[in-house]
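**Q** Take a look at the letters that make up each chain.
Protein chains: 2
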Amino acid sequence: MDAEIIAIGSELLTPYRQDTNSLYLTEQLNQLGVEVTFKDVVGDKLEHLKQVVQTALGRADIIMLMGGLGPTEDDLTREAVSAALEAPLVRDPQQVEALQKRFAQRGLPMSDNNLKQADVIAGATVLPNRNGSAPGQWIAGTYDGREKTLLLLPGPPHELQPLFEEQCLERLRMRLPPQFIATRQLKVAMMPESQCDARIAPIYAKYPLVQTTILAHGGEIQIHLRSRAASAQAAQQRVDQLAEEIEEELDDAIFSRQGESLEQIVGYYLQMRSATLAVAESCTGGLIGERLTSVSGSSRYFAGGALVYSNEMKTKLAEVPKKLIQEHGAVSAEVALAMAEGIRKRCGATWGLAVTGIAGPTGGTPEKPVGLVYHAVSNGEASDVVERRFPGDRERVRRWASQQALDLLRRKLM
Amino acid sequence: MDAEIIAIGSELLTPYRQDTNSLYLTEQLNQLGVEVTFKDVVGDKLEHLKQVVQTALGRADIIMLMGGLGPTEDDLTREAVSAALEAPLVRDPQQVEALQKRFAQRGLPMSDNNLKQADVIAGATVLPNRNGSAPGQWIAGTYDGREKTLLLLPGPPHELQPLFEEQCLERLRMRLPPQFIATRQLKVAMMPESQCDARIAPIYAKYPLVQTTILAHGGEIQIHLRSRAASAQAAQQRVDQLAEEIEEELDDAIFSRQGESLEQIVGYYLQMRSATLAVAESCTGGLIGERLTSVSGSSRYFAGGALVYSNEMKTKLAEVPKKLIQEHGAVSAEVALAMAEGIRKRCGATWGLAVTGIAGPTGGTPEKPVGLVYHAVSNGEASDVVERRFPGDRERVRRWASQQALDLLRRKLM
Numbered sequence: 001m002d003a004e005i006i007a008i009g010s011e012l013l014t015p016y017r018q019d020t021n022s023l024y025l026t027e028q029l030n031q032l033g034v035e036v037t038f039k040d041v042v043g044d045k046l047e048h049l050k051q052v053v054q055t056a057l058g059r060a061d062i063i064m065l066m067g068g069l070g071p072t073e074d075d076l077t078r079e080a081v082s083a084a085l086e087a088p089l090v091r092d093p094q095q096v097e098a099l100q101k102r103f104a105q106r107g108l109p110m111s112d113n114n115l116k117q118a119d120v121i122a123g124a125t126v127l128p129n130r131n132g133s134a135p136g137q138w139i140a141g142t143y144d145g146r147e148k149t150l151l152l153l154p155g156p157p158h159e160l161q162p163l164f165e166e167q168c169l170e171r172l173r174m175r176l177p178p179q180f181i182a183t184r185q186l187k188v189a190m191m192p193e194s195q196c197d198a199r200i201a202p203i204y205a206k207y208p209l210v211q212t213t214i215l216a217h218g219g220e221i222q223i224h225l226r227s228r229a230a231s232a233q234a235a236q237q238r239v240d241q242l243a244e245e246i247e248e249e250l251d252d253a254i255f256s257r258q259g260e261s262l263e264q265i266v267g268y269y270l271q272m273r274s275a276t277l278a279v280a281e282s283c284t285g286g287l288i289g290e291r292l293t294s295v296s297g298s299s300r301y302f303a304g305g306a307l308v309y310s311n312e313m314k315t316k317l318a319e320v321p322k323k324l325i326q327e328h329g330a331v332s333a334e335v336a337l338a339m340a341e342g343i344r345k346r347c348g349a350t351w352g353l354a355v356t357g358i359a360g361p362t363g364g365t366p367e368k369p370v371g372l373v374y375h376a377v378s379n380g381e382a383s384d385v386v387e388r389r390f391p392g393d394r395e396r397v398r399r400w401a402s403q404q405a406l407d408l409l410r411r412k413l414m
Numbered sequence: 001m002d003a004e005i006i007a008i009g010s011e012l013l014t015p016y017r018q019d020t021n022s023l024y025l026t027e028q029l030n031q032l033g034v035e036v037t038f039k040d041v042v043g044d045k046l047e048h049l050k051q052v053v054q055t056a057l058g059r060a061d062i063i064m065l066m067g068g069l070g071p072t073e074d075d076l077t078r079e080a081v082s083a084a085l086e087a088p089l090v091r092d093p094q095q096v097e098a099l100q101k102r103f104a105q106r107g108l109p110m111s112d113n114n115l116k117q118a119d120v121i122a123g124a125t126v127l128p129n130r131n132g133s134a135p136g137q138w139i140a141g142t143y144d145g146r147e148k149t150l151l152l153l154p155g156p157p158h159e160l161q162p163l164f165e166e167q168c169l170e171r172l173r174m175r176l177p178p179q180f181i182a183t184r185q186l187k188v189a190m191m192p193e194s195q196c197d198a199r200i201a202p203i204y205a206k207y208p209l210v211q212t213t214i215l216a217h218g219g220e221i222q223i224h225l226r227s228r229a230a231s232a233q234a235a236q237q238r239v240d241q242l243a244e245e246i247e248e249e250l251d252d253a254i255f256s257r258q259g260e261s262l263e264q265i266v267g268y269y270l271q272m273r274s275a276t277l278a279v280a281e282s283c284t285g286g287l288i289g290e291r292l293t294s295v296s297g298s299s300r301y302f303a304g305g306a307l308v309y310s311n312e313m314k315t316k317l318a319e320v321p322k323k324l325i326q327e328h329g330a331v332s333a334e335v336a337l338a339m340a341e342g343i344r345k346r347c348g349a350t351w352g353l354a355v356t357g358i359a360g361p362t363g364g365t366p367e368k369p370v371g372l373v374y375h376a377v378s379n380g381e382a383s384d385v386v387e388r389r390f391p392g393d394r395e396r397v398r399r400w401a402s403q404q405a406l407d408l409l410r411r412k413l414m
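As they're listed, the protein sequences go chains A and B. With the numbering used here applied, the first sequence has no gaps in its numbers, which climb one by one up to 414 at the end. With the numbering used here applied, the second sequence has no gaps in its numbers, which climb one by one up to 414 at the end.
For reference, chain A alone in the conformation it holds in the complex (with noise of 0.2 Å):
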C-alpha cells in the first residue's frame, strides 16, 4: 500500500514556514507497513488543489490532506476534495449544533464562515477535533475502480496528532492486510560518517530484509533499522540479529541502543554510580549544561557549573591558577584540565567535565587556529583530555566540542 501527503497552505511556499506533519504521518504510516511514496506542498488554490487531488487518486492508495479546514475564505480543502471526487459538500446539522455550542461555551459570537467547518463531503465520516473547531474526515471507496482511502486532517499538530492517533490509526488498521514491523536505533558518537559506514555496510548488506538508514549530524551518527514481517517475532528477531552484529562492530562507540540522547545515557551512568557532575565551560558558553538539563530529573546528577569566558573568570570562578594561563595559554590542555579539576572541586561534585577551545570565526591564530578545543575531564583521582580540530562555523564548532565532552566523560564512567 502507498501512500500520499499533502501539506495544504500557501504559508508552506514561503521562505519562512516548513511541513513538519509529514514527518510525524511518514512514521505512523511506515508503522502499519505503508510506505509514503510522493510529498506534496500546495497552495490555497482551489484550481491547484483539485489538480493535487486528482493526481493523487490516480497514484496513491491512502492520501492525507493536512490543513485548509478552518473557517476562512483561504480554507479550501473540503472544496476541493469535493470537486476531485465529484462528490457534493453536505451541512451536517449536528456539526453545526457541536459549532454553536463550542462558541457559546466559549462566550464568543459565531459567524456565518465558521458553518463551512460543518460541510461535510457526501459518504464521508466526521472525526471529531477535540482540540480545535475544524473537524477531520475519512473517505474510503472506490474510485476508478480502486479502493482509495483520503483523510482530511487538521494542520496545527497539536490537533491534528491526537485525532489521528484515536480515530484514524484503528481505522487504517483495519483496511490494511496485517503487518508486523520491528524497529531499532543504535546512536554513535565521534565517528565520521563515511568511516562508520564502511565498517557497517558489509554487514547490513547481508541483511535485504531489514531497511537501514544511517544519519549524521553534529558529531552524532544514528543508525536506523526498520523490518517488517507477517509476525512480529519475526521481525524483531531480524532487526535484533542486525543490531546485535552491529554493535559488536562498533563496540562502545556506539552510547545508545534505545534511542536515548547522548546527555541522557550520561546521567544513567552517572546515577548508577550515584555520582554527580561539574562543568566550566569556556567556548561552548552554556551549552553543555543546557543538553545535561534539558533531561528531566537531571537536578539529581548536576551539581552546577561555570561560564568562564575570560581567563579572569577561569581563574575566579574555577580555580584556575593565574600562572598556568600564562605559561600555557587559555586554550591547552593544561587549562583544560586544571577547569575540570577546579570546578570539580568547587561544587563538590564527583566529576568535573570542562571545554576550551576557539569556536571562531574570529580569534584563531596559526599555532591555535579556529576549530581547536580541548576537552578535559576529572574525579580527583584519573583524568583525561582530548584536543580536536574541529572544521566549520561557530555553532558547529561548538556543538562537536559539547558532544565530544559529553561522549568524553561516557566513556569514563563507563
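Because the hints were derived from the structure by calculation, they are not lab data. Be aware that one or more of the hints could be misleading.
One copy or two, either will do: identical chains are not told apart, so a pair holds if it fits within one copy or between any two.
Straight-line distance between alpha carbons at most 25 Å, and here's what the computed SDA-like set of lysine to any residue pairs gives [as the list claims (entries may be wrong)]:
hint, residue 1, residue 2
1, K116, E47
2, K187, Q31
3, K412, P369
4, K316, T350
Mind docking chain B on chain A? Use the hints.
**A** The following block gives chain B in isolation, referenced to the frame of chain A:
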C-alpha cells in the same frame, strides 16, 4: 512567473529527513519576483520522477529539481528529465575529462558508474559544481508552446547554494521581467501572537501591495514584510512606510528592525554602553549563556556566569544568602534578585541577570506550579524582577524563560 520545486531522494520520504533546500530556493526566487506555487518530494524511481516532471511542465514556468545527480543507480534525475522532455542524453567528452581529472587529483580510481555524471540532456548548459562531482544542468526552451526553464541542481546544500548563486541567479534574472523586491523584518518579544496581530492587522490591511507574514515561536514574533514594484525605490518606500506604522503601534515591544536576534541586540546595547554582563541560571541550565555566546565577539561584553541548579550552588557560586532561600524558597523573586546581584559582584560585571523557576514536568507544587519562573536583573543601583507562569513542556518553559530574561535586560538597557 511561477516556479515548482522538486526534491528528489527516497530518504526524503522517510520520517528522518526533510528537504530544507526548498526554503533557501524559495527565498532566492521570491527576491527575483518569482512565486513558488508547488513543492514536491519524490523518491528515486524513474517512473515517479518522470511523472512529476511532466506534471510540473504542465503548470510551472520555472522547474527546480534538486538531487539525484550522483553516480549511483538510484540517481535518475537526468534520465527522468530526458524522458519527460523527450530529449536524448548525450555523454559530454569535456565532462568525462573533468571527472577523470577530479579522480586523478584525489588519487582515487574512477568506476564506470561515475561516467553517468557526464551525461547531459541535449540542449542543456552544464553548470560546473566546484564542491562536488555532479555538475548541474540548465535547460531553457519551449515546451507545448510555452517558455520553460528547468534547473537540475545537486542535493547537498553546500553544493547547491554556491552553484545556484554563481551560475543560476544571473541567468534567471535575465529571463525575467525586471522587478524590484523590498523586504523588512521586525521582531517582537514576549507578546501573544493574537494580541500582536489584533494590534497590527488594521495597519497592514491598508497596504494590500505589501505581503505581511507573521510567525511566532518561543516567545518571539517575526513580522515579515515584502513588496514588489517596478522600481527599487517604490518597493522600499512601501515596506518602510508600513514598517514605520507598525513600529509606532508596537513601540518598544519591537526589539529588532533588521532581523537581528535578541541576543545580538542585547550585545549591541551592552557594547554601546561599554557594559559587561554576568548570568546566574537555575532552570535554564546554561541556555541563556549559550544564546549570548552564540554571537561571535560576545567575549567583549559577556563576563561569565554560573549554573546554579541546587540551593547549595546558589549560595556557593552566586552568593545567595542561605537564609533567603530558607525564608522564600529557591523559586522566588527575592532569590532571583539575590542571584542577579550576587553573580554581578562575583564576576565584577556591570549587569547581573538571573533566572530561577520550575521547568517541569516534575517539581511543581500547588503554590509553585510547573512553569513558574522568576527573572531578575541588577546593576547594583537599579534592579527589576518579572514573575511569569509559562504553559507547555520543559523545553518550552526553558526557551520562554531565556527569552523573558534577555528581554528584561534589553528593556533595562534601552
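**Q** With reference to the structure, classify each hint as holding or not holding.
**A** So, going through the hints one by one against the coordinates:
no.	hint	in the structure
1	K116 - E47	within (19 Å within a copy, 39 Å between copies)
2	K187 - Q31	within (21 Å within a copy, 40 Å between copies)
3	K412 - P369	neither (28 Å within a copy, 37 Å between copies)
4	K316 - T350	both (21 Å within a copy, 17 Å between copies)
The structure does not agree with numbered hint 3 stated previously, though it agrees with all others.
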